[in-house]
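2 protein chains.
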Amino acid sequence: MAQMIIDMTDLEFALFDQFRIDRLQEFEPFADYNRKTIEMVVREARRLAVREILPTSKIGDTRGCRFENGNVLLPPEFKLVWELLSKGEWLVPEADPARGGQGMPRSVALAARDYFNGANMALTMIAGLSHGAAHVIETFGTALQKKLYLKKIISGEWAVSMQITESESGSDLGRINTLAEPGIDGTYRISGAKVFITGGDHNLTDNIIHLVLARVKGAPEGSRGLSLFLVPGIHVDESGLLGRKNGLTCTGIEEKMGLHGSPTCSMALGSSGNCIGTLLGDENKGLAVMFSMMNDARLLVGSQGHACASSAYLYALEYAKTRKQGALPGKAGARPDMESVAIIEHPDVKRMLLTMKCYTQGIRSILLYIARCQDKARVIPEKRQEYQDLVDILIPVGKGYVTDRALEVCDMAIQVFGGYGYTSEYPVEQIYRDARITTIYEGTNGIQSLDLVLRKLTLRNGRLFNALIRRMEQTIETADCEPALSGIAMGFEILVADLKDTALRLSSMDDTIETDLEKRSVSAAFLHITGDVVLGWMMLWRAVAPSGS
Amino acid sequence: MAQMIIDMTDLEFALFDQFRIDRLQEFEPFADYNRKTIEMVVREARRLAVREILPTSKIGDTRGCRFENGNVLLPPEFKLVWELLSKGEWLVPEADPARGGQGMPRSVALAARDYFNGANMALTMIAGLSHGAAHVIETFGTALQKKLYLKKIISGEWAVSMQITESESGSDLGRINTLAEPGIDGTYRISGAKVFITGGDHNLTDNIIHLVLARVKGAPEGSRGLSLFLVPGIHVDESGLLGRKNGLTCTGIEEKMGLHGSPTCSMALGSSGNCIGTLLGDENKGLAVMFSMMNDARLLVGSQGHACASSAYLYALEYAKTRKQGALPGKAGARPDMESVAIIEHPDVKRMLLTMKCYTQGIRSILLYIARCQDKARVIPEKRQEYQDLVDILIPVGKGYVTDRALEVCDMAIQVFGGYGYTSEYPVEQIYRDARITTIYEGTNGIQSLDLVLRKLTLRNGRLFNALIRRMEQTIETADCEPALSGIAMGFEILVADLKDTALRLSSMDDTIETDLEKRSVSAAFLHITGDVVLGWMMLWRAVAPSGS
Chain A
7 MAQMIIDMTD
17 LEFALFDQFR
27 IDRLQEFEPF
37 ADYNRKTIEM
47 VVREARRLAV
57 REILPTSKIG
67 DTRGCRFENG
77 NVLLPPEFKL
87 VWELLSKGEW
97 LVPEADPARG
107 GQGMPRSVAL
117 AARDYFNGAN
127 MALTMIAGLS
137 HGAAHVIETF
147 GTALQKKLYL
157 KKIISGEWAV
167 SMQITESESG
177 SDLGRINTLA
187 EPGIDGTYRI
197 SGAKVFITGG
207 DHNLTDNIIH
217 LVLARVKGAP
227 EGSRGLSLFL
237 VPGIHVDESG
247 LLGRKNGLTC
257 TGIEEKMGLH
267 GSPTCSMALG
277 SSGNCIGTLL
287 GDENKGLAVM
297 FSMMNDARLL
307 VGSQGHACAS
317 SAYLYALEYA
327 KTRKQGALPG
337 KAGARPDMES
347 VAIIEHPDVK
357 RMLLTMKCYT
367 QGIRSILLYI
377 ARCQDKARVI
387 PEKRQEYQDL
397 VDILIPVGKG
407 YVTDRALEVC
417 DMAIQVFGGY
427 GYTSEYPVEQ
437 IYRDARITTI
447 YEGTNGIQSL
457 DLVLRKLTLR
467 NGRLFNALIR
477 RMEQTIETAD
487 CEPALSGIAM
497 GFEILVADLK
507 DTALRLSSMD
517 DTIETDLEKR
527 SVSAAFLHIT
537 GDVVLGWMML
547 WRAVAPSGS
Chain B
7 MAQMIIDMTD
17 LEFALFDQFR
27 IDRLQEFEPF
37 ADYNRKTIEM
47 VVREARRLAV
57 REILPTSKIG
67 DTRGCRFENG
77 NVLLPPEFKL
87 VWELLSKGEW
97 LVPEADPARG
107 GQGMPRSVAL
117 AARDYFNGAN
127 MALTMIAGLS
137 HGAAHVIETF
147 GTALQKKLYL
157 KKIISGEWAV
167 SMQITESESG
177 SDLGRINTLA
187 EPGIDGTYRI
197 SGAKVFITGG
207 DHNLTDNIIH
217 LVLARVKGAP
227 EGSRGLSLFL
237 VPGIHVDESG
247 LLGRKNGLTC
257 TGIEEKMGLH
267 GSPTCSMALG
277 SSGNCIGTLL
287 GDENKGLAVM
297 FSMMNDARLL
307 VGSQGHACAS
317 SAYLYALEYA
327 KTRKQGALPG
337 KAGARPDMES
347 VAIIEHPDVK
357 RMLLTMKCYT
367 QGIRSILLYI
377 ARCQDKARVI
387 PEKRQEYQDL
397 VDILIPVGKG
407 YVTDRALEVC
417 DMAIQVFGGY
427 GYTSEYPVEQ
437 IYRDARITTI
447 YEGTNGIQSL
457 DLVLRKLTLR
467 NGRLFNALIR
477 RMEQTIETAD
487 CEPALSGIAM
497 GFEILVADLK
507 DTALRLSSMD
517 DTIETDLEKR
527 SVSAAFLHIT
537 GDVVLGWMML
547 WRAVAPSGS
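Note that the protein sequences, when read in sequence, are chains A and B. Quick note: the first sequence uses the working numbering, first residue 7, plus one each step. Quick note: the second sequence uses the working numbering, first residue 7, plus one each step.
The set of hints was computed from the structure by calculation and includes no laboratory data. Do not rely on the hints blindly, as some may be mistaken.
One copy or two, either will do: identical chains are not told apart, so a pair holds if it fits within one copy or between any two.
Once the Cα atoms are required to be at most 30 Å apart in a straight line, the calculated DSS-like pairs of lysine-lysine come out as [claimed, not checked]:
id : residue 1 : residue 2
1  : Lys327    : Lys157
2  : Lys291    : Lys223
3  : Lys251    : Lys157
4  : Lys525    : Lys506
5  : Lys85     : Lys153
6  : Lys327    : Lys291
7  : Lys291    : Lys330
8  : Lys525    : Lys356
9  : Lys152    : Lys330
10 : Lys382    : Lys93
11 : Lys93     : Lys153
12 : Lys356    : Lys223
13 : Lys85     : Lys291
14 : Lys251    : Lys42
15 : Lys525    : Lys64
16 : Lys382    : Lys291
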């Protein structure tokens, strides 16, 4: 049978031959994750994704979510899937087993989540927020917040939403107007309106915990005055019992190009009764807290892009192997009385499929590498900062570059299917429509490129980019020792040197208004060449695996 | 007020300053088309498109067409638009006034049709077929066929469909299985099944005239055995009166990614009563006849791509001028207490808009140039072949390259709108979904690239491509005399020389199986570099206009 969503052979090659994820078991928190366990985990995720979840994807697209009497209703099949994910402890498998998680390395959890994203991106978008929220509450929450919310979120009893955007504050968070007025009991009364809130309301769970970015009354203007609040949809008393409804309501959902199964809500806070929340982290430090969640969300979006690309590629591959059309000289079909060739034989179709394969495998490795860096940053204290540097520099690549390439792959899949690809008879047009949002949300790819050029390139004295270059040079050295690869390694070395020069030129520019504008105008191009080189690095690493870095 | 669909200033610049379309009035058939008349024609088309047709586009997308009790029903608003187009003689304005047309140059008709395509591509797709069909009947039809069908088609009393594709014959026409059995009265009884038939059935007109590609019983296999048939949906007697229904029926319509207002029909021929047609052109010469119609259809698709790109660009431009978001150093918004800048100020947004503008203007000129060559081929007998050569070599560019770039423009428009671009609140996501088919139908862009590399490059001893290169060299010479442009002209000269070399290398390759496969594998790349150079030529020509070639 054809591979679905992700080619398991290639995934296992990346996990074990390229990245040796099973070596993480040397570190105590991951001691249980030997190769056999990881294989079992990923195969179980695949089984669940392909058998149980995938059939709900088209249901989400065609029936979508409805907004009725102030409530958002998802298709009933979605609730069953949510329950499967909850029971299987798949929502936040990275969490501490003491909190209801599986203590799973992020790299392994990513591989599992990729399958879920490919099986139903709309649902996984909601589910995927639980991990980031749990992480933020674990890191910044008070003892009471942890006690009341963590287990419920990790178990999936309650879901999560992330409320940042307002109609005049999309890419520009400094303009957020939602207000938080401190009460005498330490809580805050929140009022404002949010838009584009994924999962702001739905009927999957009894409660939804909202993380709301707002401005405490009297706080400084701009992003320095933002604070993050934990706002339950239904109040929770100190013993954990659900009480009355909090004063935030969904006022409508967006009609969208795709992702019809994911409710994109407009929210009114405090206009129908008091909306009460508690501070998460310090006052006026909301953006930093939010960003630790946003980085997770960005990688989740990269994973969505990858899952869509990978699914689309496998569908196109299967179709191209079975669809017969046209003749080729010297092959079957050269004469009218002979059968046509499978379209995969046509060089132009092969070109598309090989491009798709290269991008798909490359971005798969990029994302797994970032997750592995996160794992290593956690378990190797003396190298924590080094790995964190790599994560930070690669986040814009893992979101911006990855989703741009992923969308190209989805687009090519439609082209391989020809006229059939444009019809709803085949899944690729839905995959494209779903994937189209990935280059936009959680910071448009333009914003990602600015993050790379204006912020990450110069952060910590430019150390981040240098760390990345050094890693690439190590792989080149390894490849250089392999006779079959030394030519490629030499060619690649030139690219890496060029990239290094370009980065140096950008980061050492004078700090004037003109140079700032200049940097902004080339940022998208720089993100793309950085991404292409990183992808090339991943492919070279694959070529030297298992003897590589 | 913002420009809609197409920027009139730029269109008039291309028509009059770049291409001097008004000079066609020197030739008798176009004697009425002085500048004033052309301006009036185009402005009237714009008025009709923007005021009357554009509002129906979203209706087509949301309500779409329905298939009920064996009939295809379009939204009632579509029927009103069809009547407006009929009454205004907009369906086949190129036709001879004696037949009910306006004797309009194709270049002028194209400019008008671009507006209609941008206003409602789904409807214009059906309407656009009338022109090609009228042209084919005029050229190949018998006196009776002309008498019975031409005026009715040109007036819009009857519509047209083009029935080529079968489920196993998409890109591969040689496999067509629909059978035509000659009767004793000179008619043919046709049986088979067609798919992906645009406008195969609808309720816009009382009758639909189908041009059906089929194989006469006993004809050779492959494309050499195909004949074209004229098959009325409802029989027409020799006095022109409608009789009983012919034996072809729509069996269903496709659910598609976009173009919901255009019924894509599956057709059964001869399974419910006899399906009777008459031969159009010679037996077994159907493909050649069809291709003269197909070239028109391909340019129509290019025009659709252009219209979508142009509309999307203008929407994005308008949005970027009014949407305020984010700060820039040294500008408004640099401090939190200052207002944000319009997003058009952001260099990365400006980069997208400038790219969109360049592609849109360039493909506009490419298409107008092809139409002008068609006009000149018609009215300058001694240069007929020279202009036909240019048309033939540029068809794959005008369809394949143009729609690839157009789709990129539509995609960037979504990105400029950010999250709002993904919602149905703004028109750009529909424009993208509608435009997505243009790289597929009437020969996928892969097929276009093969047409260029395997056929057009070597046709008539490679004369076609040389004619194109010579034209470019003339523009370079003109630009070289302008001090402000000579640097650009020199740079462009190198590109043209490189393109010429590449084309020569491709066309002079040995005729072996290996080289054939090699050519096929680089054909898409060659189409793109050819298109980029042609687009560059158009931009250079624009720069030297009105003193250019």
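Name the hints, by number, that the structure is in violation of. 1, 6, 9, 12, 13, 14 and 15
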